[in-house]
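Colleague: Line by line, the protein sequences are chains X and A. Count the first sequence with my numbering and you get residues 11 to 274, in order. Count the second sequence with my numbering and you get residues 47 to 307, in order.
Derived from the structure by calculation, the hints contain no laboratory data. Hints are not guaranteed to be accurate.
[Claimed, not checked] As a list, the in silico DSSO-like pairs of lysine-lysine whose alpha-carbon atoms are at most 30 Å apart:
1) LYS84/X / LYS110/X
2) LYS261/A / LYS148/A
3) LYS70/X / LYS110/X
4) LYS100/A / LYS84/X
5) LYS21/X / LYS71/X
6) LYS21/X / LYS168/X
7) LYS84/X / LYS71/X
8) LYS261/A / LYS18/X
9) LYS100/A / LYS19/X
10) LYS71/X / LYS19/X
11) LYS21/X / LYS261/A
[What the hints assert, rightly or not] Residues from chain X that face chain A, not an exhaustive set, calculated with beta carbons under 7 Å:
12) ARG39
13) HIS223
14) ARG229
15) SER233
16) ASP240
17) PRO241
18) TYR243
19) ILE244
Don't be surprised by glycine CBs; every beta carbon is placed ideally from N, CA and C.
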Amino acid sequence: MYFLQQPKKTKVVLLACGSFNPITNMHLRMFELARDHLEDTGQYEVVQGILSPVGDGYEKKGLIEASHRGEMAKLAAESSSWIGVDTWESRQANWLETVKVLRHHRQELLSREPDTDVVGTAKAGRKRKRMDASNEPRLMLLCGADMLDSFGVPGLWKPEDIEEIVSSYGLVCITRGGSDPEAFIQGSDLLWPHRHNIHVVREWVANDVSATHIRRALRRGHSVRYLLPDPVYIQERRLYTTESEQRNPGVVLAPLQKHAGRHE
Amino acid sequence: MGRIPLVLLACGSFNPITNQHMRLFELARDHMHHTGRFQVVGGIVSPVSDSYGKRGLAPAQHRVAMARLALHGSGWVTVDDWESRQPDWTETVVTLRHHLQKLLGQQPSAADLQMPHSSLEGSSEPPQLKLLCGADFLDTFRVPGLWRAEHVEELVGRFGLVCVSRGDLQADRAVHESDTLFRHRHNIFLVREWVRNETSATEIRRALRRGLSVKYLLPDAVIDYVREHQLYTWQSEQRNKDAVLRPLGQQGAPSEPLNDS
């Protein structure tokens, strides 16, 4: 009998960094789209998704407390068998560059029991084995096309960080109306050599429902039901108001502050 | 003057029901409430019957069951299967007449409309029933043979429309370009959904056929139901492939209700 040998699939863990202010169905859709896309190539097996809300030190306008954002993300991901929330980034005192968050999570993955795919199911008492390189899940950054475009914003990203992200990790980028990630990659000498490590997932159906839109609707007393998994948490605590949107009004976004110091 | 109690009726395939469908109700309720003139007291999802003959239409019993699962816990929108149980396809206006009669004829009952009894009390205004739809619906009036002129007149004159559309001006243009709609423009409420949210039932069926995820586009309970009953496959999309849409078969000589400008 002849059995067709299945090529070994690379295990992938998807990490999404963002404000999640609040988390929306669109955010969760990104994970689903990314997983379908990667697995459709036949080369990957997506074993885990991690939502990593940014810390309060990011100082973005209208950003509410990380504790709430983390809790909402947890509630939203509850019905998922593979997506979870990690609050390490949000608990750091200062804002952290994305590449540092990636490094942290890769370290976490490496120090896990080798035969467990999901965090938290490691059997107690097992001797730690060194993770076989070929078995190590690949950590990739999941983002929208707007994050990719933000690579072009002067002072927002360090070139060496972008290089590390696309070479040592990998990017899974979900398109959004009005952006063309392939064109952006084409026009970037930094990204172009690593294009095979940048997976562009085309979302054929426009879905522009953003956290910004949801916060606006909430301020105006409009319903946001069916746009996020469960608006009850927000409604009970009246989290998003005209006042909350005024937080950090004139403050310079943390990454820009950090780099301003560097270039002087 | 008290607010007019208002019930919103949505007719459609709901094949399957999606978060987008349920958003229409939420958007419409907010809008009508903010006019200051209405108190939205109920919403009705009325899935079309199987005899509609649309391509890929799943059996009515399933579409009704899925809608009920989706709207479980809604608090104000319910599913009515009267239309789906009729032996032949029912004109929209006939469905509206049926539901208005029900609304006016009986004592308001919480069981019927899942609304507090008190919301109809205290209002001197009789309740109204309006059709909830998307902008594409207004364009269907132009399709030859699809609508009877007198039905369009009754729909927008006697009942009224609450039409939810994107930020473009498609709906405004449709009203402008038809004398019938223009005449009743005060009974046509245009609700803007400024962000694009185009995840339609068609897209969802496509994703399901291809084994792709539809999670977060419709409630989990509906996804589970679809899987359990294996509802949307390549085979199911072939249903009614060569059939003529029932309204086109029924109306006889084609009329163009909106070609009057």
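Colleague: Next step is simple, just say for each hint if it's right about the structure.
Modeller: Going through the hints against the structure:
Our distance criterion of 30 Å between C-alpha atoms is met by LYS84/X and LYS110/X, whose separation comes to about 22 Å. Restraint check for LYS261/A and LYS148/A: not satisfied, since their Cα atoms lie roughly 36 Å apart, outside the 30 Å limit. Between LYS70/X and LYS110/X the alpha-carbon distance is near 19 Å, which keeps this suggested pair within the 30 Å criterion. Of the supplied pair hints, the one linking LYS100/A and LYS84/X is violated, its CA atoms being roughly 40 Å apart against a limit of 30 Å.
For the proposed pair LYS21/X and LYS71/X, the alpha carbon gap of about 37 Å is over 30 Å, so the pair is violated. With a C-alpha separation of about 28 Å, the suggested pairing of LYS21/X with LYS168/X holds against the 30 Å cut-off. Of the supplied pair hints, the one linking LYS84/X and LYS71/X holds, its CA atoms being roughly 23 Å apart against a limit of 30 Å. At roughly 28 Å between alpha-carbon atoms, LYS261/A and LYS18/X fall within 30 Å of each other, so this suggested pair holds.
A distance of roughly 41 Å separates the Cα atoms of LYS100/A and LYS19/X; the hinted pair therefore is violated under the 30 Å criterion. For the proposed pair LYS71/X and LYS19/X, the alpha carbon gap of about 42 Å is over 30 Å, so the pair is violated. Under the criterion of a C-alpha separation no larger than 30 Å, the hint pairing LYS21/X with LYS261/A is consistent with the structure, at around 22 Å. The interface hint given for ARG39/X holds, since its Cβ lies 5 Å from the closest Cβ of chain A, which is under the 7 Å cut-off.
Because the closest C-beta pair between HIS223/X and chain A is about 5 Å apart, less than 7 Å, the hint holds. The criterion of a C-beta within 7 Å of any C-beta in chain A is not met by ARG229/X, whose closest approach is roughly 13 Å, and the hint is violated. Given hint, SER233/X at the interface with chain A, holds; its Cβ is 4 Å from that chain's nearest Cβ, closer than 7 Å. Contact between ASP240/X and chain A, as hinted, is not supported at the beta carbon level, the nearest pair being about 10 Å apart and thus beyond 7 Å.
A cut of 7 Å between beta carbons decides the hint on PRO241/X: the least distance to chain A is about 10 Å, and the hint is violated. Interface hint at TYR243/X: violated, since its Cβ lies 16 Å from the closest Cβ of chain A, which is beyond the 7 Å cut-off. A distance limit of 7 Å between C-beta atoms decides the matter here; for ILE244/X the minimum to chain A is near 15 Å, and the interface restraint is violated.
Hint compliance for this structure: hints 2, 4, 5, 9, 10, 14, 16, 17, 18 and 19 are not met, and every other hint is.
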